[in-house]
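Undergrad: Sequences listed follow chains G and U, in order.
Under the working numbering, read the first sequence as residues 625 to 769, first letter to last.
Under the working numbering, read the second sequence as residues 625 to 769, first letter to last.
Take the hints with a grain of salt, since some may be wrong.
Identical chains blur together in the list; that is why a pair holds if it fits in one copy or across any two.
Taking lysine-lysine pairs in the DSBU-like style, the calculated list, with each CA pair at most 30 Å apart, reads [to be verified]: (1) Lys677 to Lys716; (2) Lys768 to Lys677; (3) Lys677 to Lys752; (4) Lys768 to Lys716; (5) Lys648 to Lys716; (6) Lys768 to Lys752.
Honestly, the hints are just simulated from the structure, not real lab data.
2 protein chains.
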Amino acid sequence: MRIYFSASITGGRGQAHIYPAIIKHLRQYGQVLTEFVADQTYTTQGEQQLTPKAIYRRDIDYIDQCDVLVAEVTVPSFGVGVEVARAGMQGKPVLALYQPAQGRRLSAMIAGDPNVTVAEYRTIEDAKAAVERFFDGLALDATKL
Amino acid sequence: MRIYFSASITGGRGQAHIYPAIIKHLRQYGQVLTEFVADQTYTTQGEQQLTPKAIYRRDIDYIDQCDVLVAEVTVPSFGVGVEVARAGMQGKPVLALYQPAQGRRLSAMIAGDPNVTVAEYRTIEDAKAAVERFFDGLALDATKL
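Work the whole structure out from these sequences, hints included.
TA: This is the structure in structure tokens:
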């Protein structure tokens, strides 16, 4: 199973501290193609060593290769939106992990997408449990085919 | 010409004051399908009178109907990312209007997308000029077909 982990970089790094724990948990289910997202040295300036075209090409290639996409959707991000849409148009299952915050609402373009499973979490343990439920559901669907 | 105007709602309303002037200018080139984006009463709570599923369905239908997409990409937004990706996968031209801010970089998933024309602006006059160049370019491409 090839897993695309999608999360905000230039949109904001407010949740970046939680990405490594999610990725570590995802490794139980397959290969995580995008571990760089959790690099704690990255700021909203993004990946300085690559051009935007090179980043775009790499990430689109990873989307096209992945079997499933798991996104952290607490911090608004163009890239996460692009990736969720592309994976969805390719018929790939998407899990969106969301930490609710006062005064905000998750975008309807994520929350209202019938291809996306949204799971709210407060602690990393909640997020891990949501990941587990999601992959258990996929395994169950596979046995029904 | 049916124009989809895409801009942040739940991602943040920091640039919302500029959306009406962009939409007014876009009307010179065709029908703007999404004038509601500029509603100054909307906050990051989004459109309260519709469910996320209804908003998603409406906006996806508008994307599928439009001929061209113009996005304001200063404020990070999942929805704008979804819409730019979907229009691009349908081969529709996309203009992204961006007001540069210190300490931020435009997402590579927008800036590095070969289907997207990025235009930086500081004033509304710059933005209008970028819209004009974009539609003039489309008209020129059409005469070459």
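Undergrad: At 30 Å max between alpha carbons, let me know whether Lys677 reaches Lys752 within a copy, between copies, both or neither.
TA: between (33 Å within a copy, 26 Å between copies)
Undergrad: With 30 Å as the alpha-carbon cut-off, assign the pair Lys648 and Lys716 to within, between, both or neither.
TA: Only inside one copy: Lys648 and Lys716 sit 21 Å apart there, 38 Å across copies, limit 30 Å.
Undergrad: Is the C-alpha distance from Lys768 to Lys716 at most 30 Å within one copy, between copies, in both cases, or in neither?
TA: Intra 17 Å, inter 38 Å, cutoff 30 Å: intra-copy only.
Undergrad: Is the C-alpha distance from Lys677 to Lys716 at most 30 Å within one copy, between copies, in both cases, or in neither?
TA: For Lys677 and Lys716, the Cα distance is within 30 Å both inside one copy (24 Å) and across copies (19 Å).
Undergrad: Given identical chains, is Lys768 near Lys752, meaning Cα to Cα at most 30 Å, within a copy, between copies, both, or neither?
TA: Classified as within; 25 Å inside a copy, 54 Å across copies.
Undergrad: Up to 30 Å between alpha-carbons, please classify Lys768 paired with Lys677: within, between, both or neither.
TA: between (41 Å within a copy, 27 Å between copies)
Checked against the numbered hints given earlier, this structure breaks none of them.
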